[in-house]
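Enquirer: Read off the chains here:
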Amino acid sequence: MRTILYIIQKEFIQVFRNRRMLPIIFVVPIIQLLVLVNAATFEMKRINMAVVDLDLSGSSRQLTSKFQGSPFYQIIGAPFSYEEAEVLMQDGKVDVIIQIPNGFEKNLIKENHSQLQLVVDAINGASAGLINAYSTNIIMDFNREILIEWLNPIQLGGIRAIKFDSRYWYNPKLNYTTYMVPGILVLLVTIIGLLLSGMNIVREKEIGTIEQINVTPIRKIEFITGKLIPFWIIAMFELAFGLVIGKLLFNIPIVGSLWLIFLSAGVYLFVILGFGLLISTITNTQQQSMLISFFFMVVFILMSGLFTAIESMPEWAQLLDRINPIAYFIKIMRMVMLKGSTFTDISSLFYALVAYAALIISLAIWRYRKVA
Amino acid sequence: MKKGSTDIIIVKDLVKKFGNFVANDHLSFEVKRGEIFGFLGANGAGKTTAIRILCGLSLPTSGDLSVAGYDVYSQREKIKQNIGYMSQKFSLYDDLTVFENIRFYAAIYGLSKKEIVQRADVLMKKLQLEEARNKLIRDIPLGWKQKLALSVAIIHDPKIVFLDEPTGGVDPITRRQFWEMIYEAARNGITVFVTTHYMDEAEYCDRLSIMVEGRIAALNTPLALREEYQAKNMNEVFLKLARAQTEEVA
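Sequence order for the protein chains is A and B.
Per the numbering used here: the first sequence = residues 1 to 372.
Per the numbering used here: the second sequence = residues 1001 to 1250.
Simulated from the structure, these hints should not be mistaken for lab results.
Do not take every clue at face value.
Distance condition first, Cα-Cα at most 25 Å in a straight line; then the derived PhoX-like pairs of lysine-lysine [what the hints assert, rightly or not]:
hint: 1; chain 1: B; residue 1: Lys1012; chain 2: A; residue 2: Lys220
hint: 2; chain 1: A; residue 1: Lys370; chain 2: B; residue 2: Lys1135
hint: 3; chain 1: A; residue 1: Lys370; chain 2: B; residue 2: Lys1012
hint: 4; chain 1: B; residue 1: Lys1145; chain 2: A; residue 2: Lys205
hint: 5; chain 1: A; residue 1: Lys205; chain 2: B; residue 2: Lys1078
hint: 6; chain 1: B; residue 1: Lys1078; chain 2: A; residue 2: Lys66
hint: 7; chain 1: A; residue 1: Lys220; chain 2: B; residue 2: Lys1159
hint: 8; chain 1: A; residue 1: Lys205; chain 2: B; residue 2: Lys1012
Far from chain A by the CB rule (all over 12 Å, computed), these chain B residues [stated by the list, open to error]:
hint: 9; residue: Lys1089
hint: 10; residue: Met1199
hint: 11; residue: Glu1213
hint: 12; residue: Asn1235
hint: 13; residue: Leu1241
None of the values given here were measured: they were computed from a predicted structure.
Beta carbons are placed, not taken as given, at the ideal position from N, Cα and C, and that holds for glycine.
Here chain A stands alone, though its shape is the one from the complex:
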């Protein structure tokens, strides 16, 4: 037990004596939160649109101005032919083309229906879907307006329509930062934790001090524990620091209990640090360790549900995500921070992390060999 304390003391001295370490601990979270939270957004703020108005009627202009009035659309050009508009899309200048055919208004009045063509650049499938949805919405809105305008109130009363008014729960303003911050915080502690621990034992191998340790009667569990705890404390501090920044800069809601956040973070960090130490014990150089850490980190992050919903992944990927600790923790963080979930709500996720931590740390202890 006393031995562990001395190892912790030594690790702390080494971490803080390393001049490159302090900036990493303090600057990385700020930059990550500022840059990632604002940049990694799915909101479409500037959709560039070309309007090919072949009708040139009151109705077509009314529709065009609806798009113009939307904060999301920017009308880049009004070419006179579809071909011209297509050139603009080829050049990447417009994301969507709307073509209003000749006779749009006439048909609308005479035949009671008319047609429009919407062409979306779908290189990025997700944003294409969004553009389509936004545009359809605006067109529907236009549709409703002309109904009201043209039909007299009595007739209107005769039309049965379900009017729905949706409310967004847990994130009422659909604020993207609110959704991103918990996930970015998870990334933050993961990167710091995995890199610190992943580079650690292997560094002692590189400089040769591990031999001097291995020739002492130190117990493997003491050694691994002594290595884990300092990084655990640093990463927990990172989380607290990140939460403060999130609160101050983004005013992110923390609906649930802070204690629950830190409790689950504590367990999660044992998984990540155990993982790092495991990598550290099986590699021989810091480069190897970095490469392996990055490989796992990239796969785990991309599959974590941070950017794309896990529910929409194929089944095999969802199965694979059962061993993705980042996915568990992001879920917990979102539930607790945004929904105010209690321990009962997250208990199955929480216990999964506990089991994971126990497994991975045992593996690290087992894999650490005092004898070659």
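Assemble the complex: chain A is given as a structure, and chain B must be docked to it using the hints.
Expert: Showing chain B alone in chain A's frame:
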């Protein structure tokens, strides 16, 4: 020099193979309590391999070995409580101070807080490192580092200390001082097992085992070896042995 009656290290038919390469080829020897036992040989003769096995850092392929009365296969952690080790690869932490290094290793060996402070003071005084107490290891000269490393290796009063080419790269004066420290350790009852490829250092040992290509070519006191091979110094003994071995192989 006090000569113990019992053997503190017993090695019978030690074989260590790395794939097809035989690093240690049926080594057998005993080291007596309190003696300075030298392993002399060229680079790659298998000295480091043998010392690593005796320290419990590496497992032998076959053979019976006992160190400080404990079995190398089943009681490695017991052995580790009773030995000190200093390797050619530098073993102190560069980014810790002199005192922090002493404190860390002493603590790992289970010394109490009081003992740590006491021994650190004695040690720094002896090495005249008091002023360097709070200097980082990377900022002190190599000779001091080596002497400090030896002192740290025996800070827990082990029964045996293993020194693997401890004087590699240091100047003659420091080497001299280093050997004085080795004698002092031996006087305090610590058995010293040292490997070297310096012929002059070989003369300082009580008994010497000369290794050539993984085998023990000769084992005796330096004096007896010189007489046996009718040589003026160890260098000649070594060259004669090495040549004989090469001819045998050819």
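Enquirer: Against each hint, give a clear statement of whether it holds in the structure.
Expert: Against the structure, the hints come out as follows:
no. : hint                 : result
1   : B:Lys1012 x A:Lys220 : violated, 30 Å
2   : A:Lys370 x B:Lys1135 : violated, 30 Å
3   : A:Lys370 x B:Lys1012 : holds, 24 Å
4   : B:Lys1145 x A:Lys205 : holds, 19 Å
5   : A:Lys205 x B:Lys1078 : holds, 23 Å
6   : B:Lys1078 x A:Lys66  : violated, 84 Å
7   : A:Lys220 x B:Lys1159 : holds, 23 Å
8   : A:Lys205 x B:Lys1012 : violated, 31 Å
9   : Lys1089              : violated, 4 Å
10  : Met1199              : holds, 26 Å
11  : Glu1213              : holds, 22 Å
12  : Asn1235              : holds, 30 Å
13  : Leu1241              : holds, 30 Å
In terms of the numbered hints stated before, the structure departs from hints 1, 2, 6, 8, 9, listed from lowest to highest.
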